[in-house]
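Asker: What follows is the residue order along each chain.
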Amino acid sequence: MPNVSMTVNGRNVSGEIEGRTLLSEFIRDTLQLTGTHVGCDTSQCGACVVHADGRAVKSCTMFAWEAEGADIVSIEGMANADGSLGVIQQAFQDNHGLQCGFCTPGMVMSAAALLQDNPDPSEAEIRDYLEGNICRCTGYHNIVKAIQAAAGSLRAAA
Amino acid sequence: MYDFEFERPATVADAVAALRTEGAQVLAGGQTIIPTMKNRLAQPVKLVSVGGIADMSGVSVGDGCLTVGAATCHADVAAAAAGAYPALASLAANIGDPAVRNRGTIGGSIANDDPASCYPAAVLASGADIITDRRRLAADDFFLGMFETALEEGELILEVSFPIPDAASYQKFEQPASRFALVGAFVARSGGLVRVAITGASDSGVFRWREAEAALSDDFSRSSLNGLALSPEGMISDIHGTPEYRAHLAGVLTARAVEAA
Ligand SMILES: Cc1cc2nc3c(=O)[nH]c(=O)nc-3n(C[C@H](O)[C@H](O)[C@H](O)COP(=O)(O)OP(=O)(O)OC[C@H]3O[C@@H](n4cnc5c(N)ncnc54)[C@H](O)[C@@H]3O)c2cc1C
Ligand code: FES
Ligand code: FES
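Sequence order for the protein chains is Y and U. Using our numbering, read the first sequence as starting at 1 and increasing by one per residue. Using our numbering, read the second sequence as starting at 1 and increasing by one per residue.
Okay, chain U solo, but in the shape it has when bound:
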């Protein structure tokens, strides 16, 4: 790993100032960026840790929303969201392993936007807002593709605000070695409106399955998915699964999520 400078600010203002340095990058839980730096696939000039910023950590509930500070680790979300938003808590409780959950954060997960990661599915299906140091972004405008988001240079995610749905479930088919999602489906129903987000499947990253949403908004039952299928076109192909397999799995997991919600 190449060496770099580092800062550990205590406030958002100081972090934002430190991120103005050319080549500076945020360090959150480090569970993605440290392995990437070891491989020399990332070479930040400076790392700005958000681990010491109290304002960026924690979970709060109010006005029908659950708001998670960007630097809150997965284990803390699993514990603190269990009452208000159990589907989100259970998603967090099943990311990686306990040591990863004690460090990895929601901000790092969605900023990285790994096509096989779990949180993007929850953010997109819940219709959450991403609040940064400069704006408020709707989930629909945030995820642009594999490892690609709307974040600008030096932009810092401060928190993610989830409208709490009436019913929701996340079903993940684990890739057994990495424990990432081979495919994952997040289904959220709020009143008569249903949103379905699929992760792990597409070459363009997390996406909404609109046909399933329309069918489930008419009738929220497993049988409304009968006859619906995703096209394998544009699905990920690797040693773990073919595009056909992933498209099929997405349908199965969506049906399971409807049943569990």
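Isolated chain Y (complex conformation):
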């Protein structure tokens, strides 16, 4: 079987794959990083969003071999080095930005990508950016609040 190598959350990893192995499957099944969720597997819900070379992508809609040599960050890479919650994760907890939590990994990864490009997004910009992230629980209101709070903390720290 072919082999693929990439960096995931700063660690060099490699493993055997098939052509059809999705990046989401490689991350969850091979690497056992099960924080990345698969909600729809049809490119609609955004629960599987990770960063590939700094950009948000749906890992269920990319083959593992397309990530050869790439720098991947998943939700596990968002925590602080000591294992405590990172700024965006903490803001989701503080603002009750989740209920069941299924969509949350994708929401946090999308939020991180947004704040990387736009450190002070308006509410409309946040809602627009989350177009591909579906939450069945929260009504989005507290997710938006969490991202605004995280943006404030990150700006204060910068």
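No lab work stands behind these hints, which were simulated from the structure alone. By construction, the Cβ of each residue, glycine as well, lies at the ideal position given by its N, Cα and C atoms. Among the hints, erroneous ones may be present.
[What the hints assert, rightly or not] Part of the chain U face toward chain Y, derived, beta carbon under 10 angstroms:
hint, residue
1, E5
2, R8
3, P35
4, M37
5, A99
6, N102
7, R179
[Stated by the list, open to error] The calculated EDC-like cross-link candidates involving lysine to aspartate or glutamate, where the alpha carbons are at most 16 angstroms apart (straight line), are:
hint, chain 1, residue 1, chain 2, residue 2
8, U, K46, U, E155
9, U, K46, U, D3
10, Y, K145, Y, E125
11, Y, K145, Y, D120
12, U, K38, Y, E18
13, Y, K145, Y, E123
14, Y, K145, Y, D128
15, U, K38, U, D14
16, U, K46, U, D14
17, U, K46, Y, D82
18, U, K38, Y, D41
19, U, K38, Y, E25
Place chain U with the ligands on chain Y using the hints.
Answerer: Showing chain U with the ligands alone in chain Y's frame:
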């Protein structure tokens, strides 16, 4: 999904060679072909990724044209075309969602020719040329119908060259769940010549609205569209809209595009 072989060439020449394998298909952003393969509606023997070919990615401007490499993702077009061709940049910026825009490409969009997709309207209204590994095709000769183009077996789109119009706008009425165009209208004026392309509406895919073009070439104003209407005949009918609704919407969006251009 059935398994398949894969290649990730670094040059156009290697990609063209790899595509000679019977049953081989191009993989660009995968935002259409991967879901299709999951449904087993496509079963390529081999996928040839163009993601590693530097020559096929990027936007350049020169000689009154904006040229987009076929493997350039929507997000990169949105950023790089904003100065030279804002209507095209804004179209790209409103395709799907950010993650789709970070992967999906212009080449994949026009090769697939989904009747509800956005880029075909821009390509047709701008009178763009599609440059492949074997020829240069005018937009008018490229789109043949729903999911149907002039591309031959194994033919690879390399770039799309848009003559930059004096004024242009794309207006899309989103189908709220998929964010594809329920109907979209792209209007482009170059000197006294106006082209209007409608997507999302017709059973035969993207098309030019010639009567509107003639009226707008005489007088580029919203009021020249008064009294003009598209026939509902041959328009798409589905749970999202009737043919009458789509024909009406095409008129409304064309008028809005003229105003915004
Ligand atoms: C949730 C979601 C929302 C979307 N919303 C919209 C929208 O609002 N508007 C819109 O227009 N689109 C939308 N899309 C489609 C998106 O724009 C896709 O990117 C596009 O249709 C296909 O591009 P791709 O690069 O992903 O192509 P792929 O999926 O990789 O390929 C598609 C087809 O094109 C062929 N192909 C690809 N590149 C070439 C080439 N260079 N030469 C020859 N053949 C080639 C492939 O062989 C395949 O048959 C959406 C998609 C998703 C998943
Ligand atoms: S699991 Fe990937 S978009 Fe839903
Ligand atoms: S918190 Fe349950 S899906 Fe978003």
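Asker: Each of the hints needs a verdict: does it hold here or not?
Answerer: We went through each hint and held it up to the structure:
no.: 1; hint: E5; result: holds (6 angstroms)
no.: 2; hint: R8; result: holds (7 angstroms)
no.: 3; hint: P35; result: holds (5 angstroms)
no.: 4; hint: M37; result: holds (8 angstroms)
no.: 5; hint: A99; result: holds (5 angstroms)
no.: 6; hint: N102; result: holds (4 angstroms)
no.: 7; hint: R179; result: holds (7 angstroms)
no.: 8; hint: U:K46 - U:E155; result: holds (15 angstroms)
no.: 9; hint: U:K46 - U:D3; result: holds (9 angstroms)
no.: 10; hint: Y:K145 - Y:E125; result: holds (13 angstroms)
no.: 11; hint: Y:K145 - Y:D120; result: holds (13 angstroms)
no.: 12; hint: U:K38 - Y:E18; result: holds (14 angstroms)
no.: 13; hint: Y:K145 - Y:E123; result: holds (8 angstroms)
no.: 14; hint: Y:K145 - Y:D128; result: holds (14 angstroms)
no.: 15; hint: U:K38 - U:D14; result: violated (27 angstroms)
no.: 16; hint: U:K46 - U:D14; result: holds (14 angstroms)
no.: 17; hint: U:K46 - Y:D82; result: violated (44 angstroms)
no.: 18; hint: U:K38 - Y:D41; result: holds (9 angstroms)
no.: 19; hint: U:K38 - Y:E25; result: holds (14 angstroms)
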